[in-house]
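Chain by chain, the residues:
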Amino acid sequence: MREFDYRRAADAHEAVALLSGEPEARFLGGGTNLVDLMKTGVENPALLVDVRGLPLDRIEVAGDGALTIGATMTNSDLAAHPEVRHRYPALAEAVLAGASGQLRNMATVGGNLLQRTRCGYFTDLSRPCNKREPGSGCSALNGEHHNHAILGWSEHCVATNPSDMAVALAAFDAVVRVLTPEGSAEIPLADFYLPVGDTPHRETALPDGALITGVTLPAAPVAARSRYRKVRERASYAFANGSIAAALHVEDGTVRDVRIAFGAVASRPWRAREAERALIGGPATPEAFAAAADAELAAARPLAHNGYKVPLIRNLVVSTLTELQEAAR
Amino acid sequence: MTTPAAPPRTSATGTPHTRREGRAKVTGEARYTGDIPFAELAHGWLVTSTVARGRIRSVDTDTVLAMPGVLAVLHPGNALRLTPGAGLMGPDANLQLLQDDRVPHVGWPVALVVAETQEQARAGADALVITYDEEPYDTAFRADHPGLRPTAPSPLAMPDVDQGDPDAELAASAVVVDREYTTPEEFHNAMEPHAAMARWENGRLEVVDSNQGSYAVAQVLAALFSLDADTVRVRSEHVGGGFGSKGLRLPHTVLAVMATTILHRPVRVVLTRRQMFSLVGHRPATAQRVRLGADADGRLRVVEHETASPTSTVHEFAEQSTRHSRTLYAADAFRLRTRVVPLDVPTPGFMRAPGWAPGSFAVESAMDELAAEVGVDPIALRLRNEPETGPVSGLPFSSRNLVACLEEGARRFGWADRDPRPGVRRDGRWLLGTGVAAAAHSAGVGASTAAITAEADGTYTVRVTAADIGTGARTALGQIAADALEVSPESVRIRIADSDFGLAWLAGGSMGTASWAWAINEAAVALRKKLADLPGDMADLPPEGVTAHADTTELLAAREQRESHGYGAQFAEVAVDPASGEVRVRRMLGIFAVGRVVNPLTARNQFIGGMTWGLSMALHEEGVRDDASGGLANGDLAGYHVAANADVPLIEADWIDEHDTYNPSGIKGLGEIGIVGGAAAVANAVWHATGVRHRHLPISLERVLSGGRR
Ligand SMILES: Cc1cc2nc3c(=O)[nH]c(=O)nc-3n(C[C@H](O)[C@H](O)[C@H](O)COP(=O)(O)OP(=O)(O)OC[C@H]3O[C@@H](n4cnc5c(N)ncnc54)[C@H](O)[C@@H]3O)c2cc1C
Ligand code: SF4
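Protein sequence lines, in the order shown, are assigned to chains A and B. Mapping to UniProt numbering: the first sequence position 68 is 68, numbers consecutive. Mapping to UniProt numbering: the second sequence position 606 is 606, numbers consecutive.
Same shape as in the complex, but just chain A (with noise of 0.2 Å):
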């Protein structure tokens, strides 16, 4: 592990003052991601400038009912705070759905969505990984890929994003809030992860040495009825192989309101637009269900061993749905 200078900054200005300039500087959440990574070699910085200290660590309620949560909130304090249990239920259910207690006492708001991929290649240096080594190819493509990508990846990198908190805020049209020397910005969540292409270690669309200062969920009613329901291997302590964040408002058997969102199957998390459109409109039932997803996976493309999740999707669309109206009546 290189040796690193440690700065703590006291506000954002100063954090992102800190960090600009210095292309070998990282900031520092929780550092439950990042610590690892430099642990194991897959990152180097020169100096780390911590940001958990920072006053970005609450939720303010705008008068139209949106929130905003602070950049380094922890983990923990976000799923256990009455305005997002009780208005979206599901940002809390999949924010303790990830990690342990201990991890989500430290890991941040901010942190939790630029987490890394858990691709076993990204992490053993001995292996080519385009994201870790542009250009050096992708051990995953035809490799162990249990885990991976059925939707929207490129020959060049197949992994997923392995974020479960980032999954309700692609349902919910999360917006991050960011700052860089030039002035704040705000950036779609829908727009924050690139497409992979032929740059899969370029992930987001964060400006060099920007600062994620919070995350907005506008106002959604329908959010106030919404699940987050993750498929693993073990029943705790491991990422999802299949997720997915669903709200839905049905009136006398129509539904006028739909929010899905699919984990563990992209390098984004996967706003279910498709699907979405397939329901609108038309009759909550288990058949229309299924229809959307099949509308959605449509553009799945399995790879040699994990064609399981279609239908592990499929079926979790279904049920979810199917629960949600049931929870309704």
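I should point out that these hints are in silico values taken from the structure, not numbers from a laboratory. Just so you know, even glycine gets a beta-carbon here, dropped at the ideal spot from N, CA and C. Mixed in with the good hints there might be a few duds.
Sample of chain B residues at the chain A side, in silico, Cβ under 8 Å [claimed, not checked]: (1) Thr50; (2) Gly54; (3) Ser58; (4) His620; (5) Ser629; (6) His641; (7) Leu701; (8) Ser706; (9) Gly708.
Given chain A, work out where chain B with the ligands should sit, using these hints.
For chain B with the ligands alone, kept in the frame of chain A given last:
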């Protein structure tokens, strides 16, 4: 002589005792090998190969030697020459480290960087550039691999069996179950990584190690470095888990000794978790075929069991899965085969219940399939095939209480109410089912010595080269010695894990406590005789006390032949969500018959730990070999899943009273049997829940979603 007035005492064995070192362990006072400070200590960091097969072309030592703190880089070009032929149970070429430029698998030791601090050693190891001449490799094991061959004769190899007329019995069978089962590569990754410190002191080689048998390790080191056995002393006071991985392969120990011999200062080598996935043995994948032929009522006519597993090109280790089929059920004919194929992979080794664990998965699953085919309750089927004598050995049993375990287990589990039909019970999105499997493990004894000193202050000191790998062996031996001496356990001091105490069996094969207890009992008898023969009374003991020794070698050799095993019955209830593929175990019950249970508290630990592992084997554990590199794609604890707390439900373990004096101590050993049959009980329950038979472990999401495919 007058005996001191002893307070009225109850037997120490059979009552629960907390671990003698428990307080020291939870307060951090107990030190493990990697934690103990030594003056002048240098640190070695292993460098392992990144290619699966080939030769080392170059090792660029210059850059690394110039790095801060780096003292030496050992590699095949400058390493000490070792004596060929050394090994724990016959020669094991895995011990011949840095002896030539051949690379037999990914993760093979190719260099050791020694530095002033561990961080400097690691930095040096990370920076060391090694180039290879790579060769084509084969790391893909399969049941029909053309290289499969019979195993070489060895003390561990189960000979092939042809008994009766299997073909005729198959032809005469009303029902034949003929199935293939597979288990994947599995890994034990003990909480404490392998570590050893070596130094020369006053002409003796002193090693502080983490192992399962210090006497055996001392013998191996003496042979390997051509030293007099007396000049080597190995100690291993506290060990954070072994599971079979700390005895056979000693890369850390061998390289620490080599480095201290070259550098003339103490050197410690600690393995990393990733290194533990390729250097300390593991359970190889198995492909097993089981053919059971039975009459219409389920009585077995023939048992055929073929097991195949991969080994390395360095050393042959075959998984002896047919151990299970040799002892469980009576049949008129047996055909048993063990096959092995050398591949460019690390050498497998002992992993908790070697042979028994995978073998029981195949055989106990096949028995469940037979029960369904015949339409007999799975427990009734087992009772119907209970043998009178060893089914293959023909020997009388020292004792056998499988029937009692099955019946007691059935009663406690509520088996009588079970609806045999598969796939009919629902609880919301979950399908529910229950399953049973039988368990067995050999009850062996190894020759051991022990010494007991009656101290002048009225206490006793027991010396035996036992190992306490976290099991509570130290505590159990205290109970045993106390009863043998008829004193309280508090007045007995137990000293273990020092090769200077002499020959003793390892903490392995479920034979440790049984072997050491016998020797302690003999020493106690000898001591009491010595004391009785003393003139004067106990108060007049000389300052150095009075010591008696025992050695069970001859007693053991004089025993009549018996078939001796512990037995058990495992029960599981599972819930399966067929839409998501999730399998959750809701409860497990294990009832065992393992002779005398010395310490109920730690015995239950062992059973529950084993059963948890059985669950983990059924649902989670799988080493995935990457064809593109020949290495493991998931060789760390992030990728190699073991059951997490949330996966483990209420597990109950208990035992039935069993009196067996084939070993005069009455002990059969119980460290491994808890895992045996566990995976089959879970898999059988999954069948009962869903109607889908899972013959390939682990029962992953993917397999449930695809209906049990390979
Ligand atoms: C054993 C284990 C199990 C896990 N299981 C799960 C799981 O099941 N589901 C799941 O979703 N996650 C899981 N995680 C991942 C965990 O959620 C992330 O590690 C965590 O959310 C990262 O947050 P952090 O604050 O610790 O980030 P850090 O590690 O501090 O940082 C991560 C990255 O974000 C950058 N960064 C941090 N804060 C900011 C900021 N404000 N602005 C800009 N950049 C920033 C850092 O520079 C770094 O590049 C697991 C992690 C571990 C170790
Ligand atoms: S999938 Fe992506 S992260 Fe994994 S090896 Fe390929 S390029 Fe690297």
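How the hints compare with the structure:
{"no.": "1", "hint": "Thr50", "in the structure": "holds (4 Å)"}
{"no.": "2", "hint": "Gly54", "in the structure": "violated (14 Å)"}
{"no.": "3", "hint": "Ser58", "in the structure": "violated (17 Å)"}
{"no.": "4", "hint": "His620", "in the structure": "holds (6 Å)"}
{"no.": "5", "hint": "Ser629", "in the structure": "holds (6 Å)"}
{"no.": "6", "hint": "His641", "in the structure": "holds (5 Å)"}
{"no.": "7", "hint": "Leu701", "in the structure": "holds (6 Å)"}
{"no.": "8", "hint": "Ser706", "in the structure": "holds (6 Å)"}
{"no.": "9", "hint": "Gly708", "in the structure": "violated (12 Å)"}
In this structure, the hints that do not hold are numbers 2, 3, 9, in rising order.
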